[in-house]
Amino acid sequence: MANTAPRTLYAKIWDDHVVETRGDGTAIVYIDRHLVHEVTSPQAFEGLRSAGRSVRRPELTLAVPDHNLPTTARTDANGARIPIADPQSAAQLAALERNAPEFGIRYIDATAAEQGIVHVVGPEQGFSLPGTTIVCGDSHTACHGGLGALAFGIGTSEVEHVLATQTLLLQRSKAMEVRVTDALGPGVTAKDLILHIIGEIGAAGGTGYVIEYRGQVFEEMSVEERLTVCNMSIEAGARAGLIAPDETVFRYLKNRPMAPKGTDWDAAVRYWKTLHSDDGAVFDKSVEIDASTIAPTVTWGTSPEDVVPISGAVPAPEDFADPSKQAAAAKSLDYMGLTPGTAMTDVAIENVFIGSCTNSRIEDLRSAAKVLKGRVKADNVRWAIVVPGSGLVKMQAEEEGLDQIFTAAGFEWREPGCSACLGMNPDKVPAGERCASTSNRNFVGRQGPGARTHLVSPAMAAAAAVTGRLADVRTLDQ
Amino acid sequence: MDAISRVSGRAIAFGAKNVDTDIIIPAKWLKTITREGLGEGAFETIRADPDNIFDAPENAGAPILIAGDNFGCGSSREHAAWAMLDLGIKAVLAPSYSDIFSGNAVKNGILPIVLPQSAIDRLMEVAKAGEPIDIDLDTQTVTTPFQDRFTFDIDPFRKHCLLGGLDEVALTLDSQEIIGQFESRRASAQGWLTAGTHV
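From first to last, the protein sequence lines are chains Y and W. For the first sequence, position 72 matches number 72 in the working numbering, and the numbering has no gaps at all. For the second sequence, position 194 matches number 194 in the working numbering, and the numbering has no gaps at all.
Please note: incorrect hints may appear among the correct ones.
Said to hold, decoys possible - Below, a list of computed lysine to aspartate or glutamate pairs in the EDC-like style, where the Cα atoms sit at most 16 Å apart:
id : chain 1 : residue 1 : chain 2 : residue 2
1  : W       : Lys28     : Y       : Glu412
2  : Y       : Lys273    : Y       : Asp346
3  : Y       : Lys273    : Y       : Asp24
4  : Y       : Lys12     : Y       : Glu412
5  : Y       : Lys331    : W       : Asp138
6  : Y       : Lys373    : Y       : Glu318
7  : W       : Lys159    : Y       : Asp24
To be verified - Partial selection, computed: residues in chain W whose CB lies under 7 Å from chain Y:
id : residue
8  : Ile33
9  : Gly180
10 : Ser184
Because the hints were derived from the structure by calculation, they are not lab data. From a predicted model like this one, the values you see are computed outputs, not experimental measurements. Yeah, the Cβ is synthetic: ideal placement off N, Cα and C, and Gly gets one too.
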């Protein structure tokens with residue numbers, strides 16, 4: 001079948017994975033890579049077991065625990081494993097440890113150096129590759145789009161479907177182009193850019209779409225920065241985000257443990273070089289953003305669309321035209337304990353969390369450490385933790401001495417996992433307290449019941465730690 | 001999954017926009033290895049208020065929930081659908097849903113009905129008046145005792161699965177042969193795809 005019409009990057013990946021299109025428009029789509037963690041998989045494995053089904057292609061699934069592991073030491077002085085105190089978390093971990101070998105799936109143990117957040121581990125191991133379809137029972141699977149993969153979160157029934165059939169039944173999404181012109185200013189990061197984009201599109205603006213991020217700003221980004229951008233596509237409602245793969249991605253992946261090698265590598269790169277939207281490809285929707293106008297960005301409310309430049313102030317409900325947004329804003333302000341008109345830089349914080357699948361890679365830690373070097377956290381900052389995205393990120397950071405900078409600044413240096421991003425493990429923000437967090441969601445109760453989250457970049461989290469308030473990192477001497 | 005063709009009864013006039021799945025079921029409830037018993041944690045933060053709409057006596061056993069735009073956004077947790085089902089909710093009426101939530105709902109026999117905001121506003125009034133709402137999947141209509149009649153679109157495959165209570169895995173397993181052919185074709189043309197997975 002010749003495809004001569006110009007196609008989007010999304011269309012190219014989609015077309016290459018359609019096994020069969022049904023009369024009703026639903027397609028059986030092949031899934032190349034499947035990541036599994038302890039929280040959204042137990043019921044899927046149980047479903048297989050009770051139906052007497054096996055896993056079709058066990059080698060295409062990789063299991064790693066991340067969501068509810070404590071981030072305190074996992075082995076004692078003798079190297080023996082320290083059990084998880086919470087019986088429910090322990091039971092979930094035990095279920096994954098049992099299910100993976102039973103179904104022939106590769107498993108990375110909680111104590112292995114390679115363990116980490118699934119969305120950090122996939123790229124790091126070369127399991128996630130450009131042009132592949134990648135799924136996981138986690139909405140931030142969108143992350144892997146930074147490598148040029150069509151990656152999206154799925155529910156547990158779909159996890160079971162992928163395990164049994166290596167496919168999903170899907171309707172094709174629409175394609176949205178987010179074209180960013182000009183360049184980001186000094187001190188403005190990939191995180192600020194994606195927060196700004198979500199503010200522009202809205203939390204539901206991407207529903208039904210796959211977003212492709214286009215423009216020189218993305219071409220100049222490292223892989224880590226691209227993963228941060230694509231990671232939060234879901235916060236704009238888009239199930240997936242994509243950035244066309246290029247030499248930066250190929251360099252990043254070459255020689256990773258599970259990446260193809262030798263002639264396989266050469267063949268892969270030849271294919272990957274075809275993965276870009278053709279000139280003249282038509283998007284269902286286009287949004288243009290001028291990067292030069294973006295300041296370091298923070299959230300004030302309880303939806304990731306509630307963004308404001310750090311130089312701005314807490315908005316008032318009547319600042320919004322839509323009556324339902326006015327009502328939502330009033331509720332958010334009440335939950336967040338904020339008064340309209342307050343300068344964002346006057347908002348005091350008691351907690352700082354640096355971590356999550358959005359911002360826990362080596363570059364994120366370097367960026368925060370650069371601000372923290374020679375400084376200490378403010379007295380009103382009660383709790384500050386750094387949770388590296390994987391054991392390998394942690395080791396790299398320690399080699400570079402970053403852990404020393406963090407601990408000297410008053411941060412706790414933890415073991416890898418999802419941690420305070422969603423507070424399934426013991427790392428929670430207390431009710432009524434505020435947290436400058438490099439994570440991806442400021443939902444009500446997300447970091448713990450009653451916790452108040454302000455989403456920021458790693459550099460901005462560090463600036464908040466040393467000033468004790470939300471702060472413009474550009475005003476700190478570096 | 002049970003077959004579902006019609007949902008009738010009281011509707012909870014919730015109406016909120018951007019209701020995320022952390023609100024539907026907070027993370028602490030995800031530490032389960034079964035699908036059952038999550039109704040207790042459903043909408044927990046909202047239900048902490050004794051005057052909440054979910055536990056209002058008149059809404060006891062209500063099978064329908066009315067919500068605003070972007071219902072079920074955020075986390076992919078299917079626990080949100082399981083919790084709602086355990087609470088007795090069999091259909092949601094809203095202007096839009098997150099893609100992941102609507103898929104999860106259908107796979108558990110919950111109808112995620114899309115209607116324009118004007119229809120939702122009207123149905124909120126009906127629900128607040130304590131009158132029942134009737135959803136007929138077969139004819140794709142929502143009706144009220146006041147002669148309101150709204151039609152909705154639904155993906156034919158989803159409708160087929162809901163009406164038949166079908167197991168999607170079993171349906172796809174019927175296509176095993178064609179999946180195998182696809183795999184063989186790609187294995188010879190694009191061997192790099194699995195080159196690194198054989199450890």
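Going through the hints against the structure:
1. Lys28(W) / Glu412(Y): violated (24 Å)
2. Lys273(Y) / Asp346(Y): violated (48 Å)
3. Lys273(Y) / Asp24(Y): violated (33 Å)
4. Lys12(Y) / Glu412(Y): Roughly 45 Å separates the two Cα atoms, so the pair is violated.
5. Lys331(Y) / Asp138(W): It is violated: about 39 Å lies between the C-alpha atoms, which goes past 16 Å.
6. Lys373(Y) / Glu318(Y): Outside the cut-off at roughly 42 Å; violated.
7. Lys159(W) / Asp24(Y): Within the cut-off at roughly 11 Å; holds.
8. Ile33: With a minimum Cβ separation of about 4 Å from chain Y (threshold 7 Å), the hint on Ile33(W) holds.
9. Gly180: violated (9 Å)
10. Ser184: For Ser184(W), the interface hint is violated, since the closest Cβ of chain Y sits about 12 Å away, which is over 7 Å.
The structure is inconsistent with the numbered hints 1, 2, 3, 4, 5, 6, 9, 10, although it conforms to all the rest.
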